[in-house]
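Given the coordinates of chain A, work out where chain Y should sit on it, guided by the hints.
Which chain is which? The protein sequence lines are A and Y, in order.
Okay, so the first sequence: first residue is 115 according to the working numbering, each after it adds one.
Okay, so the second sequence: first residue is 8 according to the working numbering, each after it adds one.
Just so you know, the hints here were simulated from the structure itself, not pulled from any lab data.
Hints may contain errors.
To be verified - Once the Cα atoms are required to be at most 30 angstroms apart in a straight line, the calculated DSSO-like pairs of lysine-lysine come out as: (1) A:K718 x Y:K197; (2) Y:K197 x A:K221; (3) Y:K74 x Y:K130; (4) Y:K74 x Y:K105; (5) Y:K197 x A:K590.
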Amino acid sequence: MLIQRVNRLAEIARRNRQEIIAAALSRREMFKLGLLTSAGYLVAKKGLSARVSSADDSDVCSSPPTRAFVELLPTPRDGTMPIQTPVPVSALSPAPAVNPVAGEGRKIPHQAFTTFPPQKYYGVTQKAGQVSVSPDLPPQNLWGFAVGTPSMNHPISVPGPLYVAHYGEPVLVRNFNQLPTANGGFGKPSVTTHLHNGHTPSESDGNPIDFFEIGQFYDQHYPNVLAGFSTQPFAPTGDINEAMSSLWYHDHRVDFTSQNVYKGLAGFYNLFNQFDTGDEGTGFHLPNFPQFDIPMMFADKCFDRRTGLLFFDLFNLDGILGDKFTVNGKIQPVLHVSPRRYRFRWLDAGPSRFYQMFLTDLNHLSAHNLFWQISTDGNLLPNPIQVESIRLSVAERADVIIDFKPFAGRTVYLENRLVQTDGRGPTDHEIRGAGQGNLLLQIIVDGPTVGDGSVDPATHPTFYSLPATNVTPRVKRTFVFSDSGGGWQINERFFDGNNPRFLVQQNTVEQWTFVNDGGEWEHPIHVHFEEFQTLRINGQAPATSPLVQIGRKDMLRLEADASATVLLRFRDFLGKYPMHCHNTIHEDHAMMLRFDVATLGDTKQNP
Amino acid sequence: MNDMTRRTCLALSALAPIAVAALTQPSRSDDSVSSREVIRDRYFPNLVLTTHEGRKVRFYDDLIKDKIVTLNFFYTQCEDGRCPMATANLVRVQKLLKDRVGRDIFMYSFTLTPEHDTPAVLKRYAKAYGVGPGWTFLTGTPGDMEQLRRKLGFSWANPIRDARKASHTGTLRYGNEPLQLWSACPALSKPEWIVESMSWLEGPKDQRAS
Chain A
115 MLIQRVNRLA EIARRNRQEI IAAALSRREM FKLGLLTSAG YLVAKKGLSA
165 RVSSADDSDV CSSPPTRAFV ELLPTPRDGT MPIQTPVPVS ALSPAPAVNP
215 VAGEGRKIPH QAFTTFPPQK YYGVTQKAGQ VSVSPDLPPQ NLWGFAVGTP
265 SMNHPISVPG PLYVAHYGEP VLVRNFNQLP TANGGFGKPS VTTHLHNGHT
315 PSESDGNPID FFEIGQFYDQ HYPNVLAGFS TQPFAPTGDI NEAMSSLWYH
365 DHRVDFTSQN VYKGLAGFYN LFNQFDTGDE GTGFHLPNFP QFDIPMMFAD
415 KCFDRRTGLL FFDLFNLDGI LGDKFTVNGK IQPVLHVSPR RYRFRWLDAG
465 PSRFYQMFLT DLNHLSAHNL FWQISTDGNL LPNPIQVESI RLSVAERADV
515 IIDFKPFAGR TVYLENRLVQ TDGRGPTDHE IRGAGQGNLL LQIIVDGPTV
565 GDGSVDPATH PTFYSLPATN VTPRVKRTFV FSDSGGGWQI NERFFDGNNP
615 RFLVQQNTVE QWTFVNDGGE WEHPIHVHFE EFQTLRINGQ APATSPLVQI
665 GRKDMLRLEA DASATVLLRF RDFLGKYPMH CHNTIHEDHA MMLRFDVATL
715 GDTKQNP
Chain Y
8 MNDMTRRTCL ALSALAPIAV AALTQPSRSD DSVSSREVIR DRYFPNLVLT
58 THEGRKVRFY DDLIKDKIVT LNFFYTQCED GRCPMATANL VRVQKLLKDR
108 VGRDIFMYSF TLTPEHDTPA VLKRYAKAYG VGPGWTFLTG TPGDMEQLRR
158 KLGFSWANPI RDARKASHTG TLRYGNEPLQ LWSACPALSK PEWIVESMSW
208 LEGPKDQRAS
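So here's chain A without its partners, still in its complex pose (with noise of 0.2 angstroms):
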């Protein structure tokens, strides 16, 4: 009798369920209230937090509802995303010089500011904002970046203004702090801001213990000149096959750039030359920028289900997860597009997440939709690969170029399904079936039909050759990346701002091996300043398809347990950069060193 009747309860309990999605709400409605995950299961009572299974924790990660795909994708193409203009020198008073000036952060005289001289000049205004980020959340106090200097008083944005730089533009930054002292729960208002990953000279690059102060600025010397200008064979222009295309910029404050950043200090930083042009009648013939060239910044988020602001988990050491997607500062987005061509410059912005990007069609979830990877961390790649997805760790990109000409009409989705339930990394590099992901924009492509000049991937065109590798390093350096018991570490030791572990000679080659010493951590590794290319992961050349790991990267995906052997050419300036791991919470635990690139280097092979 009993069990009768539980059955009888789990029937009506399985019957109620499916009518509501068969019923007056459709599984599209569900989403938009935010009461149905894209898997098709309603909103889980607790968030995707890296604590929610510890029994005595409070939900840490549990953000209220929001609708999805009610607001649009902040875009360079409308303004919604603004663009940096320049302004005259006399804006900026005193005038910039080599050596700091009055008022100035900076300690270190520019070293190129006279071989590259600035053509344009930028302020930039680094305040606090009122920023959306859901109709159905309160407006954000956010720290974001401003176009212009203060006294210009234009709203900050976030992300911030995209820079759009051109090769053989030096261009200087002044780049003022005006933020509040209060930080409403989270951020130091201090900072250093990092071009990543410009080849830049040390005092510009935003070094972790470069920061300046409320009411200071720093001057940041960007001369956007190819690697290897000083050096035969690539004197006096560098490299070409060194160009690099799709940066971004973020603050890098010592100990808090998890913090800063999540706050809102990031952008994107687009580095054209004759031959990524930005007009698709010349050069590679990559889509027009801005109209089909869209910069698309991903960060995880969580709000406080009382107030229903950003919040921060300020205590925890795995790395965090937030339970809301945001595309360019937007939960859940959406993009109207045309059937043609678009390039989309992606880049997880962390703090912790890892994401594997498909392109799904909900209506028609076995459909492999292709789509081409023409660039690994802003670097054009020696030709588009094609894909059926892109794994991303934190501060790695991906350039696309997506054809939505077959869609015409229809509905797609970008879709993260890769699995991650805490902040160590992919739980077990499980993918989720089509449409039980995390959907992160929603692409209507219902734009007016217009006409494509751009490349046809499927043509197979060449951009840049892979810079040679057949060269013997001047010295062959390793890295382990291992914990001890609450400190992060690299080579056993911690992270000291103030002594270098080891010098780099300028204008050398080193090979670099990186292991990872642990079975639960992935570690996405950064060196700044050089781009390097992977020799072997794992003792295997690295894959082409279908994560592709050839090209020049400045992130090195460190997977458990996994070592990869890279190798860099150190070239034209000198000074201090720092190697960390950009899982921001790693970071900032100290799993981070100093080398400095000098006229005499050393040969410490386990520094």
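Just chain Y, lined up with the frame of chain A:
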């Protein structure tokens, strides 16, 4: 109304309050809760603990509120070589901070084995390491100490790792409660680097020495 429709209506009406909230109340915020209170409520339970001097204190009210602090976990019988080194390293930090410890910086070390580490045991431990005034060793009920450890994030996602007490002894948290500035560094970082990190908590007048 047939049976199926009635069930559908019931199901939908159950969802309606959430739907209405999501659609019509864009600002669902509770403005009366400050970010400082959010942090306090999530991380700083106001538990009663006992100091190595035998004094009863409340974790938030007496130890954290309005203060610049360092927080770490340890236990006196730790056989992992790093725990004693961490305590010894923090003694060097205390010496470098001089009389600021106890005046505007307060150091707290919490035991992971409260069953063993009574106030008397903690007092002997502090004395053996030459710990000066302003640095307090604390114990409490096992349940409270475990709650405190988890709240303060001295915990790991991996349950096997999390069960190892020594795995919680490597981190030194540092913070300024009223300014809501919190970060952490390895307890075995160079003492000079830890002292420099502490200097970043001092708010707007903080300027880095060149």
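We went through each hint and held it up to the structure:
1. A:K718 x Y:K197: It holds: about 21 angstroms lies between the C-alpha atoms, which stays within 30 angstroms.
2. Y:K197 x A:K221: Holds, at about 24 angstroms.
3. Y:K74 x Y:K130: holds, 23 angstroms
4. Y:K74 x Y:K105: Since the Cα atoms of K74 (chain Y) and K105 (chain Y) sit roughly 17 angstroms apart, the hinted pair holds (cutoff 30 angstroms).
5. Y:K197 x A:K590: holds, 27 angstroms
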